[in-house]
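Undergrad: Same order as they appear, the protein sequences are chains R and Y.
Take the first sequence: its letters are residues 1 to 960, numbered as in our numbering.
Take the second sequence: its letters are residues 1001 to 1124, numbered as in our numbering.
Hints listed in this document are in silico derivations from the structure and should not be mistaken for laboratory results.
We put the beta carbon where it would ideally sit given N, CA and C, even for glycine.
Check before you lean on any hint, since a few could be wrong.
Some but not every residue of chain Y turned toward chain R, in silico, with C-beta under 8 Å [stated by the list, open to error]:
| no. | residue |
| --- | --- |
| 1 | D1016 |
| 2 | K1095 |
| 3 | A1099 |
| 4 | D1100 |
Restricting the straight-line Cα-Cα distance to at most 20 Å, the calculated cross-link-like pairs of lysine to any residue (SDA-like) are [as the list claims (entries may be wrong)]:
| no. | chain 1 | residue 1 | chain 2 | residue 2 |
| --- | --- | --- | --- | --- |
| 5 | R | K641 | R | V592 |
| 6 | R | K240 | R | E199 |
| 7 | Y | K1095 | R | F342 |
| 8 | Y | K1095 | R | R203 |
| 9 | R | K843 | Y | I1049 |
| 10 | R | K641 | R | A619 |
| 11 | Y | K1095 | R | D745 |
| 12 | R | K88 | R | P37 |
| 13 | Y | K1095 | R | I468 |
| 14 | R | K358 | R | I468 |
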Amino acid sequence: MTGAQNNLDDLNPDGGHAPFRNDLQKFMSRLTEALRPLADPKEIQTTAAAMIGKKLGAERSFYHEIDEQGWATSTNGYASGRVDLPEKIYLDDFGDQWLGYYRSGTTVVVEDVDTDPRFSDQERIAWSSRGAYACLAVPLLKGGKLRAILALNNSSPRVWAPADIALAEDVADRTWDAVERARADTVADESRARLRASEHKYRTLFENIETGFCIIRMKFDPHGNAVDYRLEEVNPAFEKQTGLNDVVGKWVSNAIPGLEQHWFDAYGTVAKTGKPARFENFAEPFGRWYDVYAHPMGEPDSHCVAVFFHDVTERKNAAAALRLAEERQAYLLAFSDYLRPFGDAAQIKMAAGEFLGKHLDANRVIYFEVDGSDYVAEGDYANGVENVSGRYPIESFGEQLFETYRRGEVAVSHDCLSDPTLSHAERNAFRAVEIGAYIGVPLVKNDELIGGLAVHSARPRRWTDEEILRVTKAADRIWAAVERARAEAKLRAREAELARTQRISGVASIDIDVAGGLRGVRSPEYCLLHGLGSQTVVERHDEWLERIHPDDRELAQRTFDDALARGDDYESEYRIVRRDNGETRWISAKGVFYRNADQEIERLVGAHIDITDRKRAEAITKEAEARFRLLVETMPQLVWKAANPASWVWASPQWTEYTGQAQADSHGHGWLEPVHPDDRGPAMQAWSQATDNGILEIEFRLFHKKEQRYRWFHTRALPVRDDGGSIIEWVGTSTDIDDLRSMQDRMHVMVAELQHRTRNLLGVVNATMSSTLRDTADLNEFSELFRRRLHALARVNALLSRKAEGERVTFDELIRMELEGVGALDDASASNKIDLVGPAGVKLRSATIQTFALAIHELATNALKYGALAQDEGRLSVSWDIRTDISGRGRRLHLVWHETGIDMANQTHAPGRGYGRELIERALPYQLQATTFYELRSDGICCTINLPLSKLIDEEFDNE
Amino acid sequence: MNEKPLFNFHILVAEDDYLLAAAVREILTDAGAVVVGPAPNVVNAASLIEKADRIDAAVLDVNLGGEMVYPIADILRANQVPIILTTGYDAQSLKADYADIRICEKPFDPQQLVSELTRLIPSA
């Protein structure tokens, strides 16, 4: 390093010049001034680095601190702006050569990295890239270790004058010292602050804790016994808890006269042994208990003890009070136990008096009860004094005592013979019955004095509060016991009366001693009911169980056990088998449990009632109900009930099944919903008259859910009346009559048709008769012809009536019937002359048949009498077939009646032929829209009839 | 003056049964009337009404071969032509609209028919 050892004077041309020196001195003193007030090391470093940097014209100057890990940390200083201030540099980054200089404490001076031969190329790049072309670095070694570096950099080469170097080294040392001083100050400040805080904490604690605290110095006599102590220091709680002020520095023997020796002993032991102790002690001068913690303090021979304590008097008192209360409770329990066995009021009074008298060691105990203007005392306890049981006027209490009692206050006198509030006469009265002191407890119920308890002492006696309290409590208990005994006595009297009543009225009472193994006392009535004779017996529980019908036994036993377990009312129904005659009877048993004073069940008292008749009636009713239900649910009708007219309350399942309406929805007027809207009005109208008529009868339509249509129903309901004739409800049925009604409708049509046909037939008969009259010459001829025509009419009507609905008469049937009817088929000779050719099963319209049959009849009659069937050579051919009409839509029957081989001579007059021709030539075309052709040929008649079979093709024939 | 009660009155007859129609025609003809028809069905009756010069009265069978005669009755009523309905059914089975029309239940007495018609025709 060049010129590191150079003197500042040597390098400066003005070396030793006063103003220059003066300038440096000024700088140093300015630096000292600047650093002095600074306490923060960082601030010191920054200020110092900046000042030297500016002084020497460096672009960057900083102070590194070097830590244990070799990091140059807390880089503080300034940078001119052209280069940055590095934050943290690792020492190794300087390179071994340069670190060597630093570690040896050699100031590094670099004027130009480019020309300085110590640099390798790599180092040159590294240094120049950090902006350090010129550098002045002063290492600071402390304890042989590199601890800090003060560095100045320039980004271009420069010369560092020896004075500059010296100044920088001086500043580096000065900075270190300033930093060290600041750090030392800080540590001192901190420890002082800690001390202050500790002291403060102690004081705060001392002043504010609730626990009393004092430091005492013990005083021992020559034998080593603690005889006194001095209070060295006390806290506010001490004063609060002891009530003593201004005691510091005083001896306790003076400050707290009368303090017990055990306190000195206890503290003395702690001071001598150096062992802490904890104890609770009573301090008579304060009348209070303290919980104390004593701890030795300071050197053993200083005999100092730190005492912490707090007042536990309240806690101690509470514990004592609790113990007393427990004792009192035990006494009262013993008292109650003592009284319990006595069932009689007088006995209880006597026993109570004795117990209390002995317990309190009193001379007399009186329990008295107010009766009108007197009070009555009976069963007194008297020990060493005269018994004063008897009746006395209340006035004899004296006004003062009486008023006290009336207010419900306890009267106490510890020494009545010298009581200044008593008159001379009163004192004499007390003396007369040997009362020296007394406790008087009144019993006031509902603001009224009803009695009281008095305890006397023959001599003056200071009654303790506890004794007074015990007498007070005893008074209430005696009263309760006496009242209980009286109530029980009354109850017993009533029970006796009840038993008499039962005997008279025949109630079979039960009385089971639950506590005594369930033994039951059976009254005579019970015995009669159960077949046990007629005298009271005592039975075991299992005897009762055995008598119960086997089917009911388990349930009856469970019912009994459950009631017993619950302890509430007992209710059971079961059958018994009477012991004497084996008859089964239904029993209803009811009872209640009675408890003793400890709420334990003692007895079950109740009654048995014979309910056999009721059960039979119930069974019959149930059976009837079941039968009714079976009937209702199986009958095809819909059954329902209405509470008031038209207001349904129930409908049978069939109703729901039929209408799809839910049972509940049918209630009230709901049933109207499935009724046909047109029928609802009439239905309600019928209901409005039902009560007057005593019946409801109506037909209406109901919607059938399955068929999704309305069907006719006949609805009928009758009222159910009570014994007085008032209507309880209506029971009704609705019967499906839809099929019946449609059948009736069909019958109406049929009857009308029949009537129509009959009337028309009569008209036809009338017309036939007129025609026949015209055609015949005499009555014989007429009757013959008319009879035949009537027969023909009858035959065709018979044929029609034989046909079931929808069945049709076929043409072949008709032709055969007519030929048979006139006798043409009677013998073989005749029938051989006939040819019937045509399809079978050609169906004819019913409306056409009568006229058509009459026409055929005329042809056949004529043939038989004059034509083909009347002559040997004659032949008849009847042929028919089906033809389509002109329109192509309809079918027609084409019939040809052809007679041949007939001698037509003498046939000009053929009676009836005119009628036949009229039928064929006029009637058939007129009535049946037929086309006919009638011809008298030389060898016989040829007649063609062509008539429509039906209006529509598909009606014609089914089976051709 | 002719003594016949229905002399020269033109009377429409509708009756599907030929024998009955013939019988009615005979009765009316005997009473001096001119029978229009008889018509065996509604269509025939309607066409007769259309062609006829005059119709003074009508005797109509209610059921003409399964067809009801009401349309014919309606036309005639509209022209104030008196009508007698003949039927084999009960008079009650007629439609309520025609309750005011005179009914002759079959079989009827020829004389009764004539006198009914005489009463109905205003100038007869």
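Undergrad: Next step is simple, just say for each hint if it's right about the structure.
TA: Against the structure, the hints:
1. The criterion of a C-beta within 8 Å of any C-beta in chain R is met by D1016 of chain Y, whose closest approach is roughly 6 Å, and the hint holds.
2. For K1095 of chain Y, the interface hint is violated, since its Cβ never comes within 8 Å of a Cβ in chain R; the closest pair sits about 14 Å apart.
3. Annotation: interface hint on A1099 of chain Y violated; nearest CB of chain R at approximately 17 Å, more than 8 Å.
4. Below 8 Å, beta-carbon pairs count as interface contacts, and D1100 of chain Y has none with chain R, the closest being about 22 Å; its hint is therefore violated.
5. Note on K641 of chain R and V592 of chain R: the hinted pairing is violated, with a Cα-Cα distance of about 42 Å set against a maximum of 20 Å.
6. In summary, the hint linking K240 of chain R to E199 of chain R is not supported, as the alpha carbons are separated by about 23 Å, beyond the 20 Å threshold.
7. Among the hinted pairs, K1095 of chain Y with F342 of chain R is inconsistent with the structure: their alpha-carbon atoms are about 108 Å apart, more than 20 Å.
8. Pair hint K1095 of chain Y plus R203 of chain R does not hold up; C-alpha atoms about 128 Å apart against a cutoff of 20 Å.
9. Straight-line distance between C-alpha atoms of K843 of chain R and I1049 of chain Y comes to about 35 Å, which puts the hinted pair past the 20 Å bound.
10. Distance hint between K641 of chain R and A619 of chain R is unfulfilled; the C-alpha atoms sit about 23 Å from each other, more than 20 Å.
11. With a C-alpha separation of about 17 Å, the suggested pair K1095 of chain Y and D745 of chain R falls inside the 20 Å cut-off, and the hint holds.
12. For the suggested pair K88 of chain R and P37 of chain R, the alpha carbons sit about 27 Å apart, so the restraint of at most 20 Å is broken.
13. Between K1095 of chain Y and I468 of chain R the alpha-carbon distance is near 117 Å, which puts this suggested pair outside the 20 Å criterion.
14. The hinted pair formed by K358 of chain R and I468 of chain R meets the criterion: a straight-line CA distance of about 15 Å does not exceed 20 Å.
Checked against the numbered hints above, the structure violates hints 2, 3, 4, 5, 6, 7, 8, 9, 10, 12, 13; every other hint is satisfied.
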